[in-house]
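Student: Sequential numbering from 1 applies to the sequence shown in my numbering.
Keep in mind that the hints are not guaranteed to be accurate.
[Claimed, not checked] The calculated DSSO-like cross-link candidates involving lysine-lysine, where the alpha carbons are at most 30 Å apart (straight line), are:
#1 K125 - K86
#2 K144 - K51
#3 K125 - K137
#4 K36 - K22
#5 K35 - K59
#6 K125 - K140
#7 K35 - K96
#8 K51 - K22
#9 K51 - K10
#10 K86 - K10
#11 K35 - K22
#12 K145 - K104
#13 K10 - K22
#14 K51 - K36
#15 K96 - K145
Honestly, the hints are just simulated from the structure, not real lab data.
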Amino acid sequence: MSITFGEKLKLIRSSTGLSQQKFADFVGLGISSYKKNEGGFTEVGLSTVHKISSHPELKKYALWLISGGTNPAAGQIAPGDAEAEKQVEQQALVQKEFDQQVAKTIEDSILLFCHIGWFTPNPDKIDWNAVGPLILKDIKPLLKKMPQQQQHLHLIDKTG
């Protein structure tokens, strides 16, 4: 049994807990058009699909909205799929823990370099809490290219 785009829109909206009016405002659509789309009275246009699938809080439903498929490993789920939602949340937690470990290791290495005299930091200009995350941001694209890290670094990075 196939599900219509209108029914998909309703499921996505229901997952947010918003009324039709608030959901339409949330994604930047007119309420009249949205109600007609959700009710199945008019075809859902590309602009509507784009606004919903590109919204930061709804991107996780993009694949399902367009094709009906899901890919939890890539963060693409269907609304109401509790198991997939849990898997995506777990992946985000693993990613966050990995990022924290890498950032801490970077900070520790830089402190070691200071202690052995390789360079002398200016205490008025260095923020030790920001060093690790800033360097991680720069090296994350390189880490993603390493095959053994693919299981830890996800296609949709929820940590920034």
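Student: Is the Cα-Cα distance between K51 and K10 30 Å or less?
Tutor: holds, 15 Å
Student: Between K35 and K59, does the CA-CA distance stay at or below 30 Å?
Tutor: holds, 21 Å
Student: Is the straight-line distance between the alpha-carbon of K125 and that of K140 30 Å or less?
Tutor: With a Cα-Cα distance of about 24 Å, the restraint between K125 and K140 holds, given a limit of 30 Å.
Student: Take a quick look at whether K86 and K10 sit within 30 Å of each other, Cα to Cα.
Tutor: holds, 21 Å
Student: When you check the alpha-carbon spacing of K125 and K86, does it fall within 30 Å?
Tutor: violated, 41 Å
Student: Between the alpha carbons of K51 and K22, is the straight-line distance 30 Å or under?
Tutor: Holds: K51 and K22 sit about 14 Å apart, inside 30 Å.
Student: Going straight from one Cα to the other, do K51 and K36 come out at no more than 30 Å?
Tutor: At roughly 16 Å apart (the allowed maximum being 30 Å), K36 and K51 satisfy the hint.
Student: Regarding the pair K144 and K51, is the alpha-carbon distance no greater than 30 Å?
Tutor: Roughly 28 Å separates the two Cα atoms, so the pair holds.
Student: Can you confirm whether the C-alpha distance between K35 and K22 stays at or below 30 Å?
Tutor: Between K35 and K22 the Cα gap is close to 12 Å, so the pair holds against 30 Å.
Student: Holds or violated: K96 with K145, Cα cutoff 30 Å?
Tutor: Roughly 18 Å between the alpha carbons, so the hint for K96 and K145 holds.
Student: Going straight from one Cα to the other, do K35 and K96 come out at no more than 30 Å?
Tutor: violated, 38 Å
Student: Compare the distance between the alpha carbons of K10 and K22 with 30 Å, and conclude whether the hinted pair is satisfied.
Tutor: Roughly 13 Å between the alpha carbons, so the hint for K10 and K22 holds.
Against the hints set out earlier in the document, violations occur for numbers 1 and 7.
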